[in-house]
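Asks: Guided by the hints, dock chain U onto chain C, whose structure is given.
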Amino acid sequence: GENVEQHPSTLSVQEGDSAVIKCTYSDSASNYFPWYKQELGKGPQLIIDIRSNVGEKKDQRIAVTLNKTAKHFSLHITETQPEDSAVYFCAASMNSGGYQKVTFGIGTKLQVIP
Amino acid sequence: KAGVTQTPRYLIKTRGQQVTLSCSPISGHRSVSWYQQTPGQGLQFLFEYFSETQRNKGNFPGRFSGRQFSNSRSEMNVSTLELGDSALYLCASSSLLAGVADTQYFGPGTRLTVL
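Going line by line, the protein sequences match chains C and U.
Sequential numbering of the first sequence, starting at 6, is according to the working numbering.
Sequential numbering of the second sequence, starting at 112, is according to the working numbering.
Isolated chain C, as found in the complex (with noise of 0.2 Å):
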């Protein structure tokens, strides 16, 4: 099945620096691959996602890269703020049978340091 790693597991950074989340997948089948973003003590929640035709998505301060060949995408969060310290889940999602399979990475804790 598909496996989702994801690098690294905490990390701080300097308030208006750029934070950048990787994670690789092993099924070539997989082409949906959403970025969650998790607040303490609420659902994870969607903030950017990439299909496998395109290799770089933008939302302001937000971006997602993908390369298929490699079997890796990245998120990367510039200017932060406060406020993106949260925990940030990647997944690789396939169609599989008439149903998505979706596989969560373990999660990189972010912290922004005022």
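One or more hints might be untrue.
To be verified - Stretches of chain C that chain U covers, calculated by requiring three or more beta carbons in the stretch to come under 8 Å of a beta carbon on chain U: (1) 25-33; (2) 84-90; (3) 94-105.
Said to hold, decoys possible - Okay, the calculated beta carbon distance ranges per label pair: (4) G151(U) to G6(C): 28 to 38 Å; (5) L51(C) to T149(U): 17 to 27 Å; (6) K124(U) to V59(C): 39 to 49 Å; (7) G127(U) to V59(C): 48 to 58 Å; (8) Q129(U) to Q86(C): 41 to 51 Å; (9) G6(C) to E163(U): 25 to 35 Å; (10) S206(U) to D64(C): 18 to 28 Å; (11) R178(U) to V25(C): 20 to 30 Å.
What the hints contain is simulated information worked out from the structure, not anything from laboratory work.
Since we're looking at a predicted model, the values are computed, not measured.
Glycine included, each C-beta is placed from N, C-alpha and C at the ideal position.
Replies: Same frame as chain C, now just chain U:
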């Protein structure tokens, strides 16, 4: 549109008891998935329901079961609770894209504590 709602938000049970959690998906979403989240294991897939049918199941014992109603609302049940069942249980709903479930939107979760 209202988001995914889950009730109750918090539950405390003792070993051996059973528990039922409820999830109401986003209006129009027919696919509902359940996940268990623990600090050490991350998000673990329990099962997915679509049109009242379980389409996919994760590697959990038979004590974990679920169902989906005609209005797409879903419940999951855990019988004979064990200490290790303490976790955040998350529900996610999806619309369909070309007949297959697409982006998942999560609810706030139900925090279950087993004493």
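Asks: Cβ-Cβ distance between K124(U) and V59(C): within 39 to 49 Å?
Replies: holds, 45 Å
Asks: When you take the CB atoms of G151(U) and G6(C), is the distance between them in 28 to 38 Å?
Replies: violated, 20 Å
Asks: Looking only at beta-carbon atoms, does the pair L51(C), T149(U) fall within the given range of 17 to 27 Å?
Replies: holds, 21 Å
Asks: Apply the coverage criterion to the stretch 94-105 of chain C and chain U: a residue qualifies when its Cβ sits closer than 8 Å to a Cβ of the chain, and three qualifying residues are needed.
Replies: It holds, with 5 qualifying residues against the three required.
Asks: In this structure, is the beta-carbon distance linking G6(C) and E163(U) contained in 25 to 35 Å?
Replies: holds, 26 Å
Asks: Has the hinted range 41 to 51 Å been met by the Cβ atoms of Q129(U) and Q86(C)?
Replies: holds, 44 Å
Asks: Evaluate the given range 48 to 58 Å for the C-beta pair formed by G127(U) and V59(C).
Replies: The hint (48 to 58 Å, Cβ to Cβ) holds, given that G127(U) and V59(C) are roughly 50 Å apart.
Asks: Taking the beta carbons of R178(U) and V25(C), is their distance inside 20 to 30 Å?
Replies: violated, 42 Å
Asks: Count residues of the stretch 84-90 of chain C with a Cβ under 8 Å from any Cβ of chain U, then say if the count reaches three.
Replies: violated (count 0)
Asks: Given the range 18 to 28 Å, decide if the beta-carbon distance of S206(U) to D64(C) lies inside it.
Replies: holds, 20 Å
Asks: Apply the coverage criterion to the stretch 25-33 of chain C and chain U: a residue qualifies when its Cβ sits closer than 8 Å to a Cβ of the chain, and three qualifying residues are needed.
Replies: Contact hint for the stretch 25-33 of chain C vs chain U: violated, 0 residues under 8 Å.
Going down the numbered hints, you'll see the structure goes against 1, 2, 4, 11, while the others check out.
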